[in-house]
Amino acid sequence: DAGVTQSPTHLIKTRGQQVTLRCSPISGHKSVSWYQQVLGQGPQFIFQYYEKEERGRGNFPDRFSARQFPNYSSELNVNALLLGDSALYLCASSSESSYNSPLHFGNGTRLTVT
Amino acid sequence: QKEVEQNSGPLSVPEGAIASLNCTYSDRGSQSFFWYRQYSGKSPELIMSIYSNGDKEDGRFTAQLNKASQYVSLLIRDSQPSDSATYLCAVDTGFQKLVFGTGTRLLVSP
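Taken in sequence, the protein lines are chains A and B. The first sequence begins at 1075 in my numbering and counts up one residue at a time. The second sequence begins at 140 in my numbering and counts up one residue at a time.
With the rest of the complex left out, here is chain A (with noise of 0.2 Å):
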């Protein structure tokens, strides 16, 4: 079975300018979350979405915002990009939105703004 995919596995982008990551979650599963991991450091939540509907948002300026599809996939969309946006942004799924659901991780996306 197919893990969770991220699309693209690298990007570089100039101040200013606006990214969109896309996800794909393990087949089955409703939620998909969002985090950011800058080097040195865990990953910090950004998003959460079940059945569509946000569930949880992070610690991040309104700049940061994402959705659902009906077929489970999500898209993060970062404007205005600073430099400290660089880091890898990872896509989690699990099956349920529940405390004893797991997530799994994709590959990341490392974004690198200059």
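FYI, nobody ran anything at the bench for these hints, they're computed from the structure. Quick caveat, the model's predicted, so the values are computed rather than measured. One should not assume that every hint holds.
[What the hints assert, rightly or not] Taking lysine to any residue pairs in the SDA-like style, the calculated list, with each CA pair at most 20 Å apart, reads:
#1 B:Lys-195 x B:Tyr-210
#2 B:Lys-236 x A:Arg-1089
#3 B:Lys-236 x B:Thr-163
#4 B:Lys-181 x A:Leu-1185
#5 A:Lys-1104 x A:Asn-1153
#6 B:Lys-236 x A:Gly-1130
#7 B:Lys-181 x B:Ser-147
#8 B:Lys-236 x A:Pro-1082
#9 B:Lys-181 x A:Ser-1081
#10 A:Lys-1087 x A:Asn-1153
#11 B:Lys-181 x A:Asn-1174
#12 B:Lys-181 x B:Thr-241
#13 A:Lys-1126 x A:Ser-1101
#14 B:Lys-236 x A:Asn-1133
#15 A:Lys-1087 x A:Glu-1149
#16 A:Lys-1104 x A:Ala-1076
#17 B:Lys-181 x B:Tyr-210
#18 B:Lys-236 x A:Ser-1139
#19 B:Lys-181 x A:Arg-1184
#20 B:Lys-236 x A:Arg-1141
#21 B:Lys-181 x A:Ser-1172
#22 B:Lys-236 x A:Asn-1153
#23 A:Lys-1104 x B:Lys-236
#24 B:Lys-181 x A:Gly-1114
#25 B:Lys-236 x A:Thr-1083
#26 A:Lys-1087 x A:Val-1187
#27 A:Lys-1126 x A:His-1103
#28 B:Lys-236 x B:Tyr-210
#29 A:Lys-1126 x A:Ser-1172
#30 B:Lys-236 x A:Val-1187
[What the hints assert, rightly or not] Computed list of chain B residues with no C-beta within reach of chain A, every gap over 12 Å:
#31 Leu-150
#32 Gln-170
#33 Tyr-210
#34 Arg-216
#35 Asp-217
#36 Ser-248
[Claimed, not checked] Going by beta-carbon spacing under 7 Å, a handful of chain A positions derived as facing chain B:
#37 Gln-1115
#38 Gly-1116
#39 Pro-1117
#40 Phe-1119
For each residue, glycine too, the CB sits at the ideal point set by N, CA and C.
Dock chain B against the given chain A, drawing on the hints supplied.
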């Protein structure tokens, strides 16, 4: 601020030894606890989940949870060089919002 604390390491152990990784957390209401392994340049890989007090074993891995002490640990028996990685402790603070520690780097020498 809900926090998860880990010793950044590196924790160095010889091949075949037991590696012990520790984690403390601040949110007493947390119900779910996870250990992820992350190789350099790769994404986190789930290796253990634990939801109730006590021990949970899976192959060479044992997770231990003590909610009263707000403490989670991971034991790796018969450590192999391929276990060398960063181990991330994660705590679910509600609605699958995981709070991660900064990770402990484990080095297993042949």
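The hints, checked one at a time:
A C-alpha spacing of about 14 Å is found between B:Lys-195 and B:Tyr-210, which places the hinted pair at or below 20 Å, so the restraint holds. Taking the CA atoms of B:Lys-236 and A:Arg-1089, the gap is near 29 Å; set against the 20 Å cutoff, the hint is violated. Taking the CA atoms of B:Lys-236 and B:Thr-163, the gap is about 17 Å. The hint holds against a cut of 20 Å. A threshold of 20 Å between alpha carbons decides the hint, and for B:Lys-181 with A:Leu-1185 the separation of about 14 Å falls inside it, so the pair holds.
Of the supplied pair hints, the one linking A:Lys-1104 and A:Asn-1153 is violated, its CA atoms being roughly 26 Å apart against a limit of 20 Å. Restraint check for B:Lys-236 and A:Gly-1130: the C-alpha separation of about 7 Å stays at or below 20 Å, so the hint holds. Note on B:Lys-181 and B:Ser-147: the hinted pairing holds, with a Cα-Cα distance of about 18 Å set against a maximum of 20 Å. For the hint linking B:Lys-236 to A:Pro-1082, the alpha-carbon distance of about 24 Å lies beyond 20 Å, and the restraint is violated.
Taken as a hint, the B:Lys-181 and A:Ser-1081 pair is honoured in the structure, with Cα atoms around 15 Å apart against an allowance of 20 Å. With a C-alpha separation of about 11 Å, the suggested pairing of A:Lys-1087 with A:Asn-1153 holds against the 20 Å cut-off. Simply put, B:Lys-181 and A:Asn-1174 have alpha-carbon atoms about 24 Å apart, too far for the 20 Å limit, and the pair is violated. For the proposed pair B:Lys-181 and B:Thr-241, the alpha carbon gap of about 15 Å is at most 20 Å, so the pair holds.
Among the hinted pairs, A:Lys-1126 with A:Ser-1101 is consistent with the structure: their alpha-carbon atoms are about 15 Å apart, no more than 20 Å. Between the alpha carbons of B:Lys-236 and A:Asn-1133 the distance comes to roughly 11 Å, so the proposed pair stays at or under 20 Å and holds. Taking the CA atoms of A:Lys-1087 and A:Glu-1149, the gap is near 17 Å; set against the 20 Å cutoff, the hint holds. With a CA separation close to 15 Å, the supplied pair A:Lys-1104 and A:Ala-1076 stays within the 20 Å bound.
Distance check on the hinted pair: B:Lys-181 and B:Tyr-210 sit about 27 Å apart at the alpha-carbon level, beyond 20 Å; violated. Only pairs whose Cα atoms come within 20 Å are accepted, and B:Lys-236 paired with A:Ser-1139 is accepted, the gap being roughly 16 Å. With a CA separation close to 10 Å, the supplied pair B:Lys-181 and A:Arg-1184 stays within the 20 Å bound. Proposed proximity of B:Lys-236 and A:Arg-1141 is supported: the alpha carbons are some 17 Å apart, at most 20 Å.
In summary, the hint linking B:Lys-181 to A:Ser-1172 is not supported, as the alpha carbons are separated by about 26 Å, beyond the 20 Å threshold. Proposed proximity of B:Lys-236 and A:Asn-1153 is contradicted: the alpha carbons are some 23 Å apart, above 20 Å. Our distance criterion of 20 Å between C-alpha atoms is met by A:Lys-1104 and B:Lys-236, whose separation comes to about 15 Å. With a C-alpha separation of about 13 Å, the suggested pairing of B:Lys-181 with A:Gly-1114 holds against the 20 Å cut-off.
Proximity of B:Lys-236 to A:Thr-1083 is assessed by CA-CA distance (about 24 Å); at most 20 Å being required, the pair is judged violated. A distance of roughly 5 Å separates the Cα atoms of A:Lys-1087 and A:Val-1187; the hinted pair therefore holds under the 20 Å criterion. With a C-alpha separation of about 12 Å, the suggested pair A:Lys-1126 and A:His-1103 falls inside the 20 Å cut-off, and the hint holds. Between B:Lys-236 and B:Tyr-210 the CA atoms are separated by roughly 19 Å; this keeps the pair inside 20 Å, and the hint holds.
Distance hint between A:Lys-1126 and A:Ser-1172 is fulfilled; the C-alpha atoms sit about 15 Å from each other, no more than 20 Å. Note on B:Lys-236 and A:Val-1187: the hinted pairing is violated, with a Cα-Cα distance of about 26 Å set against a maximum of 20 Å. Non-interface call for B:Leu-150 relative to chain A: holds, since the shortest CB-CB distance, roughly 16 Å, exceeds 12 Å. Consistency note on B:Gln-170: stated as away from chain A, yet its beta-carbon is not over 12 Å from all of that chain's, at 5 Å minimum.
A cut-off of 12 Å between C-beta atoms confirms that B:Tyr-210 is not in contact with chain A; the least separation is 18 Å. Against chain A, the non-interface label of B:Arg-216 holds: every CB pair exceeds 12 Å, the least being about 22 Å. Remark: the non-interface label on B:Asp-217 is consistent with the geometry, its nearest Cβ contact in chain A lying 24 Å away (cut-off 12 Å). Listed as outside the interface, B:Ser-248 is consistent with that label: its C-beta sits roughly 23 Å from the nearest C-beta of chain A, beyond the 12 Å cut-off.
The interface hint given for A:Gln-1115 holds, since its Cβ lies 6 Å from the closest Cβ of chain B, which is under the 7 Å cut-off. Taking 7 Å as the C-beta cut-off, the interface hint given for A:Gly-1116 holds, the closest approach to chain B being about 3 Å. The interface hint given for A:Pro-1117 is met, as the beta carbon of that residue sits about 5 Å from the closest beta carbon of chain B, less than 7 Å. Checking A:Phe-1119 against chain B by beta carbon gives a least distance of about 5 Å; that is within 7 Å, so the hint holds.
In terms of the numbered hints stated before, the structure departs from hints 2, 5, 8, 11, 17, 21, 22, 25, 30 and 32, listed from lowest to highest.
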